[in-house]
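Participant: Each chain, letter by letter, is given below.
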Amino acid sequence: MPFPITVLDPKAFPAVKARRVTLVHFARAVEGFADASAPDIDNRGNVLRAAPGAAYGPATGITGKVTGKEPREVRIKLVRDRIDASAKLFPELESTANVSLVYPLTGVALNPADTSSRFGDCIYLKANSDGAGDPETKLKIRYGTATGPVIAELAILVYKPVTIYVKIHRVTINGPASATGPVDAECAYSDDEIAGIVDRMNRIMEPAGMIYVPRATIATEVIDSYTERGTVTLTRVGDQVNVELQTILNTNPDPDSLNVYLFNRFRDITQTAGRDLGVAGIAMSRDQANANPPATAFPGCQAGFAMCYSSDLEYAAHTAAHEIGHTLRLQHYGGRGPMSRMKNEIWANRNLMRNTVNLAVASPARNIGYGSYNNGRVRTGGWLGTKTLPTTANLGQANQIAIARAAAAADSYKPVTRS
Amino acid sequence: MSTTVVSRILEGLPHTNTIVLPKLRIRFQIAAGDGANIGIAGVKYQILFSGVPMSEGVTDPNGEIIVPLVQARAGNCSIKIFDTEYPVQITPNWEAVDTYQGMQQRLDHLGYMHGHLMDATIDPAADGNINERTLHAVNDFLWDSDLPVDGEVTSAMRTKLTSSAGV
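Each protein sequence line maps, in turn, to chains A and B. Heads up: the first sequence begins at 1045 in our numbering, then just goes up one per residue. Heads up: the second sequence begins at 924 in our numbering, then just goes up one per residue.
None of these hints come from the bench; they were simulated from the model. Heads up, none of these hints are tricks.
Looking from chain B toward chain A, a few residues come up when the C-beta cut is under 7 Å (computed): (1) G965; (2) P1010; (3) T1014; (4) G1034; (5) W1066; (6) D1067; (7) D1073.
Glycine included, each C-beta is placed from N, C-alpha and C at the ideal position.
Full structure from sequences and hints, please.
Facilitator: Printed below as a string of structure tokens:
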């Protein structure tokens, strides 16, 4: 198949520099909701920077081995942008100390065609160490032979598994004694739905080496005399000092878990009707809790997160994973600093920490490969950054995985103990 | 552009003149951009005219191939390398860098207009339309250039784009 190369006429424009041609690119090997066996990749830029993510190209993460458990195979797609399917391409790992090739094996060319057990032009990998120290290596693609020239490379980080125990609280919110709110008082999430959400949260977060394990029992909490039945009402005060929200976050928290409170809805009375039900979840980290201690008629800010009901479990899981990100000190992913100017740009749209869970359908940056929710709205992505920050990129938090893992090690998601 | 020394006979007298023969420079790289150390060196290639091999060689340490402009301009010129045939097309001009199309042309020239999803279609034409591929290329270029990454095409980006592409 011919691949035209267009070049500016150097006679008319003698200052034109050499035309650059790249042959392939790495891509997430699936489309649709997050899949732990096909991690998204951090494909921001091509300049070689310091580790983590030191490659002339993208980077991705996989979870290190868990004792007694077979490590998951993950696959990365190699897309042939400008190279024929007949070209022999050989994947190779720079080091096999922490990760190994499963398919094709070292010295064997990629198969561009699907087989009954493997997808075409996909490289299958698995961790072969526990990832202590979060080591990285490079996946290189060689042309022609197993020792031929390198035509592309990808950094692979192996993350030592971090387990976060999750305590689920299903909250019944009673309104005033005479109130009949538009939603039920009792939280609508079933046990199966909650299990489905946790499973999907893990699909999102596994490439960051983070594993969520729910505690054995789901707590049932009952709270009385809220403004509206089944509802946490948001007002003009900040969420960290909102009495209804913080009362819930202070209800029987498990001291050694990430506490998750589920109920039927948020209503933001500062918004006009129709826009007042847009909040899906709110999270607090331990930093915020410590900064907002108890006061008169205020129980104090507490770490954890609160989430309302959605019958779309992928929507709920995306919301939950995003909110957990906040408990792990992740800020919204924006163009110019944390939360200040959220851009409708394509990396922000792919990022788990974008401040919305769905995208405007008219946006040209909506084609990010994550599909749509049940209501037809285009999903934002579940990717987290793992590359080193350029000096002036003003992204705020480029290496989100490192930040979240450090926060987890510092227990930023656990509740503050108050006497 | 490079120079070549040729000998000619004029009016029966021996002369040695230096004339400039414009040539196309095409670099195959492991990643987009105008940085160093990313060329794919030492790969055999052939330059074909109407399917007939005219010359051959290996890519230099920068991954570069030089194609005589006269051949490329005549049409039916292609490069065979990586088990793949690349027809060479000459474009007479680019749009101004402050137009969307002109920006796309320069990003394409620098190798940034590849896909980022599983889409393996060849680059879309620099048609001035906004698409995910262009938005990704803009961000990639901003990141590589250490400019604020926010999807915005600024005068700083245009200046850097012009200096990187040369035009």
